[in-house]
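Chemist: Under this note's numbering, the first residue of the sequence shown is numbered 1, with each subsequent residue one higher.
If you're looking for bench data, these hints aren't it; they were derived computationally from the structure.
Be careful, since some hints might not be right.
As the list claims (entries may be wrong) - Derived DEER-like restraints, expressed as beta-carbon distance ranges:
#1 D56 to R4: 24 to 34 Å
#2 R4 to V54: 30 to 40 Å
#3 Q24 to E48: 12 to 22 Å
Said to hold, decoys possible - With a straight-line cut-off of 25 Å between C-alpha atoms, the simulated DSS-like cross-links for lysine-lysine are:
#4 K39 to K51
#5 K51 to K15
#6 K15 to K39
Glycine residues also receive a C-beta, built at the ideal position from the N, C-alpha and C atoms.
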Amino acid sequence: MDHRLLDILACPLCKGPLVHHREQQVLVCRADRLAFPIKDGIPVMLEEEAKVLVADDPLLAH
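With these hints in hand, go ahead and build the complete structure from the sequences.
Modeler: Spelled out as C-alpha cells, the structure:
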C-alpha cells in the first residue's frame, strides 16, 4: 500500500489515524476498534465492511 495514501487516510467515523497491518490486509482505527479491509490494494472505508475488534484483539496492541 502506498505510504502517501496511508498518510492522508483517516477513520471515516472519528477522523482519527489508522494503523496499517500489512499481513492481515487491514487498516485499524484504535479509537473506534474497527478494522477496515484492504481488497486488491484498495482500502474499503465503509463502516458496514469494517470488522469490530474486541478490546484484547492483537491488532489493537501496536
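Chemist: Look at each hint and say if it fits the structure.
Modeler: Each hint tested on the structure:
1. D56 to R4: 24 to 34 Å: holds (33 Å)
2. R4 to V54: 30 to 40 Å: The hint (30 to 40 Å, Cβ to Cβ) holds, given that R4 and V54 are roughly 32 Å apart.
3. Q24 to E48: 12 to 22 Å: holds (19 Å)
4. K39 to K51: holds (14 Å)
5. K51 to K15: Within the cut-off at roughly 17 Å; holds.
6. K15 to K39: holds (21 Å)
Violation of the numbered hints given earlier is absent; every hint is satisfied by the structure.
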